[in-house]
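Chain B: place on chain A using the hints.
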Amino acid sequence: MRIELEIWRQNGPHEDGHFEHHRVDDATPEMSLLELLDRLNDQIVEQGGEPVVFESDCREGVCGSCGFVVNGTPHGPVPHTPACRQHLRAFPGVTRFRLEPFRSAAFPVIRDLAVDRSGLDALIRAGGTVNVMTGTAPDADAIPQPHQEAEQALDFAACIGCGACVAACPNGSAMLFAGAELVHLAKMPQGHQQRGRRARQMVEALDEHFGPCSLYGECARVCPAGIPLSAVAAVNRERLRATFRGKAKDN
Amino acid sequence: MTDIATADTGTSDRNPQRPEDRPAADYTIGEPLDGHVPPGDPLTAWQRRQDQYKLVNPANRRKLTVIVVGTGLAGAGAAATLGQLGYHVECFSFHDSPRRAHSVAAQGGINAARARKVDGDSLIRFVTDTVKGGDYRGREADAVRLGTESVRVIDHMYAIGAPFAREYGGELATRSFGGVQVSRTYYTRGQTGQQLEVACAQALLEQVSAGTVTMHTRTEMLDLVVADGRAQGIVTRDLLSGRIATWTGHAVVLCTGGYGSVYHWSTLAMNSNATATWRAHRRGAYFASPCFVQFHPTALPVSSRWQSKTTLMSESLRNDGRIWVPSRAGDDRPANDIPEGERDYYLERRYPAFGNLTPRDVASRNARSQIDSGHGVGPLHNSVYLDFRDAIARLGRSTIAERYGNLFEMYTDATGEDPYRVPMRIAPGAHFTMGGLWVDYDQMTTIPGLFVGGEASNNYHGANRLGANSLLSASVDGWFTLPRSVPNYLAKLVGSPLLPVDSPESTEAMDAVRGRIDRLLAVGGQHRPEWFHRRLGDILYDHCGVSRDRTGLLEGLDQVRALRAEFWSDVKVVGDGDRLNQELEKAGRVADFIELGETMLLDALDRRESAGAHFRTEYSTDQGEARRDDDHWRSVSAWQTTPQGDHVRHSEPLDFSLIKLQVRDYR
Chain A
6 MRIELEIWRQ
16 NGPHEDGHFE
26 HHRVDDATPE
36 MSLLELLDRL
46 NDQIVEQGGE
56 PVVFESDCRE
66 GVCGSCGFVV
76 NGTPHGPVPH
86 TPACRQHLRA
96 FPGVTRFRLE
106 PFRSAAFPVI
116 RDLAVDRSGL
126 DALIRAGGTV
136 NVMTGTAPDA
146 DAIPQPHQEA
156 EQALDFAACI
166 GCGACVAACP
176 NGSAMLFAGA
186 ELVHLAKMPQ
196 GHQQRGRRAR
206 QMVEALDEHF
216 GPCSLYGECA
226 RVCPAGIPLS
236 AVAAVNRERL
246 RATFRGKAKD
256 N
Chain B
1094 MTDIATADTG
1104 TSDRNPQRPE
1114 DRPAADYTIG
1124 EPLDGHVPPG
1134 DPLTAWQRRQ
1144 DQYKLVNPAN
1154 RRKLTVIVVG
1164 TGLAGAGAAA
1174 TLGQLGYHVE
1184 CFSFHDSPRR
1194 AHSVAAQGGI
1204 NAARARKVDG
1214 DSLIRFVTDT
1224 VKGGDYRGRE
1234 ADAVRLGTES
1244 VRVIDHMYAI
1254 GAPFAREYGG
1264 ELATRSFGGV
1274 QVSRTYYTRG
1284 QTGQQLEVAC
1294 AQALLEQVSA
1304 GTVTMHTRTE
1314 MLDLVVADGR
1324 AQGIVTRDLL
1334 SGRIATWTGH
1344 AVVLCTGGYG
1354 SVYHWSTLAM
1364 NSNATATWRA
1374 HRRGAYFASP
1384 CFVQFHPTAL
1394 PVSSRWQSKT
1404 TLMSESLRND
1414 GRIWVPSRAG
1424 DDRPANDIPE
1434 GERDYYLERR
1444 YPAFGNLTPR
1454 DVASRNARSQ
1464 IDSGHGVGPL
1474 HNSVYLDFRD
1484 AIARLGRSTI
1494 AERYGNLFEM
1504 YTDATGEDPY
1514 RVPMRIAPGA
1524 HFTMGGLWVD
1534 YDQMTTIPGL
1544 FVGGEASNNY
1554 HGANRLGANS
1564 LLSASVDGWF
1574 TLPRSVPNYL
1584 AKLVGSPLLP
1594 VDSPESTEAM
1604 DAVRGRIDRL
1614 LAVGGQHRPE
1624 WFHRRLGDIL
1634 YDHCGVSRDR
1644 TGLLEGLDQV
1654 RALRAEFWSD
1664 VKVVGDGDRL
1674 NQELEKAGRV
1684 ADFIELGETM
1694 LLDALDRRES
1704 AGAHFRTEYS
1714 TDQGEARRDD
1724 DHWRSVSAWQ
1734 TTPQGDHVRH
1744 SEPLDFSLIK
1754 LQVRDYR
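Keeping their order, the protein sequence lines are chains A and B. Positions in the first sequence are counted from 1; adding 5 to them yields my numbering. Positions in the second sequence are counted from 1; adding 1093 to them yields my numbering.
Bound-form chain A, shown alone (with noise of 0.2 Å):
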């Protein structure tokens, strides 16, 4: 099959961008889009071009380094779903795409399709931990957590990291990202003894490194890992209870 692609090019951090356009006539429906770029690249290398830079590694949707605007979306047209296992028989009407980079002012362009994610470490950074000295933990038999919460827990922590949360939202917020953190470590009962530290410092690093969330819930719909949007709840019920508790209290 025939596709048609729109693909923003920019050669570095601080150069400006445009977009090119390119055909590959021998698409197949198998491929995911990061195949259809792979096949590309050989094109454009062929023709003494320099290739499409975009980031990928596991290629099976747990790593979280994927990820560009597909006609408008990030990741793509399938929804909950990381770029490297959207495929086109997924979406057989679609011949014509245009990647660009995620969009957001947290998000510093590289080059091409790459972009600069930091901002999501220095999130975990700040209160995404359980301080744990290596050896000290007691049994994890000992500390018995219902089947249902551990469940809940593991629902959070399926975030990959890839930021297509930020890129959906208007305001360039990572709320489903940091509440996702907050909800699963919440949940976990030796995360318990920071909970309130945790949120504090957390909600500090957002609106140092992000933008507000003004609830428009593009972030969830777009989640490969289907966080809800309660996880956006979550940060302010958090913030909320670490103020009502002071200071004093780290839990």
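Because the hints were derived from the structure by calculation, they are not lab data. What you are looking at is a predicted structure, and each value in this text was computed from that prediction instead of being measured. Glycine residues also receive a C-beta, built at the ideal position from the N, C-alpha and C atoms. One should not assume that every hint holds.
[Stated by the list, open to error] Pair by pair, the computed Cβ-Cβ distance ranges are:
#1 Arg202(A) / Asp1595(B): 41 to 51 Å
#2 Tyr1146(B) / Arg250(A): 35 to 45 Å
#3 Pro149(A) / Tyr1513(B): 31 to 41 Å
#4 Gly1335(B) / Ala147(A): 50 to 60 Å
#5 Pro97(A) / Pro1432(B): 30 to 40 Å
#6 Arg1268(B) / Lys252(A): 35 to 45 Å
#7 Ala1605(B) / Asn16(A): 25 to 35 Å
#8 Pro18(A) / Pro1590(B): 35 to 45 Å
The following block gives chain B in isolation, referenced to the frame of chain A:
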């Protein structure tokens, strides 16, 4: 020779070994190696070794710098723990975030010898399964350490935020994995690796906040600096600016993963590579058992040229899925139209005791021989069925969905088929590498001060790794072994200055890296690095794959050597070296893969026996099962490449005092 007891019943003291000392091709045999395992009872070896380890005064620790490369379970664990202990840690990753290391993609679970259930599990049982599963080509005492520390690994991972599956009573849930008959695998749905990796990366970032670890992302190690016979630094390339830099430390720890992607089509990530370990090898670290590569029996088959990889479907699926092929070769009917009587559940038929849960090497070999004999299914007849029909009928769709939901979704995404309705199609794909940089019991290589952890090292899994033992070995190395053995080495360096970054050795290594990059950019040939990688993969799958023989290996050797020459005269690397250039990154990695491929072929040629994943058709029983030769090959082979490029094979003899040498029999 005839008075020697047979391999089946012999133990080390009754069965003296005469290591094979005749080369099989153009390489030489070097001095034997000593693994420095504490003598005596392997069960107490680890405690005794810890008691002997030298300690470093807390006040002196911050004056000692440790370089850690890689942020998977092993690298993140080593960096975070050494940081907690007070050492100055510099940690490197080519990813944009530590969380993306390839441990993240492991699915099924992590073993632990906690033995809480009354299913007969115990530490000894764990060691037996690991050593026997590895076909007696790994160190017994190391497997004991793996089992001993496994208990605390689960506690620690849970504490730092990994939500494990829980029973309704709140206790940790476990499941069974291939090669064992007890239930000791802890898991979180089909995303155990993801949960452990994210938890480990977060623990690492906590140390970054605490100021004990400095994290260098998007920075790739391209060489090792050896001075005074010690590893004292690394040379890196900043992937964004192209800047080449030297970093020096009192010790260097490599946790850079395996080399399975040498096969091009594998279950590994696109960026997984062997450059860090191979460059260390070229600086003098021996490379052990490169031919011990595990082919995962439940990978997706290759169905088109542009397919990125042979995506892994977790082995845990074999708990409930039944593997079969049509009894009649070339039967092209849709799976559901083939009646029960015309299906060959070949694993259940041949191995009634283990059935679909035979170890990976056995499952892969059997799948390969079914495919090769014309029973393969799918459009290219290159796969076998993994069928959930009976399990869904027995347990209900919702139970199956809870156990494997995300794997089923992943399969549907990748293939467009619904495994709830039609069987999955699977095929053996290159996966885990048991080989790696040779390390002694303290995880130190033949270069003093160079330590290795996780899949990048060689010591636990012998010739075949059991499912769910890889997350475990990476975790044990990173969190519990290296933080004890590295300080023992550092203790004697208290007060010694760091090697200057402009020392002659550093400068020489930087010049070497720059020279290599310039050479790659200057070739100006016809084909992209990717093209050479694909060809290398084809050669290795054909000649050094699930089964090997002498003629094929010799052919493969010629082809790889020719490919290497062709690469350096015909590779085309577009762009330049002073900014993000993925073609250049790939080119360097492929160049190293080609050299590694040659050593893999030599090792496979050299090892004149079948053991675990290394199956030489010349060395098999009448039933087609692997035939080990414990008299000549009860040893780890460790390869040295001289600066001139000559190959020397060293041997580390293996002793088994705890586990009796037996023929692996899963029937």
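Going down the list of hints, with the structure as the test:
Roughly 44 Å separates the CB atoms of Arg202(A) and Asp1595(B), a value that falls within the hinted 41 to 51 Å. In this structure, Tyr1146(B) and Arg250(A) meet the distance hint of 35 to 45 Å, their C-beta atoms being roughly 44 Å apart. For Pro149(A) and Tyr1513(B), the hinted distance range of 31 to 41 Å is satisfied, since their beta carbons lie about 33 Å from each other. For the pair Gly1335(B) and Ala147(A), the beta carbons lie near 51 Å from each other, so the given range of 50 to 60 Å is met.
Between Pro97(A) and Pro1432(B) the beta carbons are some 34 Å apart, a value that agrees with the proposed interval 30 to 40 Å. Separated by about 44 Å at the C-beta atoms, Arg1268(B) and Lys252(A) satisfy the suggested range of 35 to 45 Å. Look at Ala1605(B) against Asn16(A): about 29 Å separates their beta carbons, and that is inside 25 to 35 Å. A hinted range of 35 to 45 Å for the beta carbons of Pro18(A) and Pro1590(B) is consistent with their spacing of about 37 Å.
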